[in-house]
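Residue numbers (the numbering used here), protein chains in the order written: chain A, 1 to 486; chain B, 1001 to 1146.
In case anyone wonders, no lab produced these hints; they're calculated from the structure.
It is possible that some hints are incorrect.
[Said to hold, decoys possible] Label-pair distances were calculated between CB atoms; the ranges are:
id	chain 1	residue 1	chain 2	residue 2	range
1	A	Glu327	B	Arg1101	41 to 49 Å
2	A	Glu83	B	Arg1101	45 to 53 Å
3	A	Asp437	B	Lys1063	32 to 40 Å
4	B	Glu1102	A	Arg400	53 to 61 Å
5	A	Asp234	B	Arg1106	50 to 58 Å
6	A	Gly212	B	Arg1101	32 to 40 Å
7	A	Gln235	B	Lys1134	54 to 62 Å
8	A	Asp437	B	Thr1060	28 to 36 Å
9	A	Glu134	B	Phe1145	39 to 47 Å
[Said to hold, decoys possible] Only some residues are given here: those of chain B computed to face chain A with a beta carbon under 7 Å:
id	residue
10	Asn1010
11	Thr1037
12	Leu1099
Note that CB positions come from ideal geometry on N, CA and C, so glycine has one too.
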Amino acid sequence: MKRIEINPMTRLEGHGKISIFLDDTGNVENAFFQTVELRGYERFLRGMPIEEVPRTVSTICGVCRGVHYTASVKAADSVYNVEPTPTARKIRELFLNAHYVEDHCAILYALGFPDFVAGPTASPAVRNLIGLIEIVGVETGRIVLKKRRSAVRILEMLGGRPIHPVAALPGGWSKRVTEEERQEILALSQDLVELGQMTLQVFDDVVLKNKGYMELVLGDIYKVVCNYAGTVDDQNRVQYYDGTQRIINSKGEEIGRFQGKGYLDFIAERVLPWSYLKMPYLKKIGWQGVEDGEASSLYCVGPLARFNVGSGYDTPLAQEAYLKMREALGKDPVHNILVYHWARAVELLNAAEKVRQLAGDESITSDDIRAPLGEAVGEGVGIIEAVRGILIHHYKTDKRGIVEEANLIVATTHNKGPINVAVRRAAQSLIKDGKVDEGILNMVEMAYRPYDICLACATHTLPGRQPVQIDIYDSQGRNYQTLKNF
Amino acid sequence: MRTIVVGIGNPVLKDDSFGIRVAEQLSGVLETRLLSTTGFDAIDALLGFDRAYIVDGVNTGVKPGTIMELTPGDLMADLEFSGTHNLHLGAALHLGYRLFREEMPRVIKIFAVEVEDAANFGLHCTPTVEAAIKVVVDRIKSDLFG
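The shape of chain A in the complex, shown without the other chains (with noise of 0.2 Å):
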């Protein structure tokens, strides 16, 4: 059996890497994606306060900075047993969605639009970010980037940080917002918005009114069959601060909701003997293996999911482009994987509208930012929806609030599933009778890009970037061919 790894991502907490498996005949026969695993973190939280969790967790990845942040502060109110006041929930909501827009911004233009602009089977040399600001013009590349600075800025005046922040408390924030500072911020907006509406004009001229592409798109080497979890509130539209989690089968039919702790009901995690980490599945299917179709027990979650789970945005531009969507895309769950960028386009506008809308109310600037801190309880449960999906923070504390045990359960590990079978697919698809060339490591690595899979990036050292190796082993075991990126 030949045996093709991509390799590795060496980080903080594991490893990730994809190994693919030829047969004899040089067809793919497996693939396997392993991922990081929170588990050292979840060491080095305990004996802390859970007030000072947030500022801790905001560590596990520069990218990521907004949401475990967001996450664990929801967790502490519970274990506090308090309801942060409307003011506070309104400023932590307008610092999530700001953080949507920034990263949103970052994937779309860093990672999913070069395949796109340059084509996915275009020379490394120009599939880049450098390669897709040359085609689409310095002035556009500069006008993207000033805009998204305007998400950072909003993120800096609400944390006291651009990276790190540090303004959250249970029950509230420690930092309340000025009648100048909304001022800002409701200008800012503006700029969120136009960048929102600017990305979906650059999908919609690029990708849909291309033929090829959008045969790329809603083709079958890109698709996954699976369950969905998403976010919604009381009428089913997408959100992601708060709300119910609603899990969808993969022909959209309900499976169940759940809040806080209940996510234990629906979520377990299987042992695999080729992972160090468990993969999640849906306890009520039981499961299945790693294998999609309608009879699958792995879900998945992110900008499709949430597309697939809602029945809608709750701002009005963000549903215009949400119902063009749906008539391109039926009623239907969408399981083509390279629709999460679509997704992510329209969550970009809507997340900039929901900045606008938030700035735009004067009773944010209330100095009720802070309520009191009831009993320690011993047990909280944070959940939002991360920019790349459910995002659970699970503490256990004494009666003084230190923690004694955590669980997070990051977007990438609930991804895990859907992922194999991706890169899976894609290999079968790509790679016939052991013919791999350098243009099959993009292909491959297109199956995983639209997860933006969270490495746990906070340790990086220079140059700062995550190698990626094929290895191609033949039936003995012997490497007979690698291709890297460095």
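Fit chain B to the given chain A structure using the hints.
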């Protein structure tokens, strides 16, 4: 001449905090910025300054504590990445100069120290790397103030 020191790293991961520690020691002397990744945020940090010192850990296999002085040109060869979590400094600097040439620092010096342990939790660097903090702080001061 506006100067900034940008320290990159994770404050709770031993030697990965090297850049953060150097920047913290220079806080109050110079403008400083702490970063945990090297993506678009690095461009944000540099715009509007005439001169910048970027300080980070590096893992090249040489003796831990070894200090390397690099230029943006040393990092520019590599423009690929597989996720937003690994947008690297070379790509960010390249992009910054391509898009915002007039606003980027005319002089960028990168101090990188070889790490010994950047994978385990701890609020301090290992002793060898800890010793390099003062050396880099002094080099930056000397570079600026003679």
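Structure-based check of all given hints:
no. : hint                                : in the structure
1   : A:Glu327 with B:Arg1101: 41 to 49 Å : 43 Å, holds
2   : A:Glu83 with B:Arg1101: 45 to 53 Å  : 50 Å, holds
3   : A:Asp437 with B:Lys1063: 32 to 40 Å : 39 Å, holds
4   : B:Glu1102 with A:Arg400: 53 to 61 Å : 55 Å, holds
5   : A:Asp234 with B:Arg1106: 50 to 58 Å : 56 Å, holds
6   : A:Gly212 with B:Arg1101: 32 to 40 Å : 35 Å, holds
7   : A:Gln235 with B:Lys1134: 54 to 62 Å : 59 Å, holds
8   : A:Asp437 with B:Thr1060: 28 to 36 Å : 30 Å, holds
9   : A:Glu134 with B:Phe1145: 39 to 47 Å : 41 Å, holds
10  : Asn1010                             : 4 Å, holds
11  : Thr1037                             : 3 Å, holds
12  : Leu1099                             : 5 Å, holds
Of the numbered hints given earlier, the model fails none.
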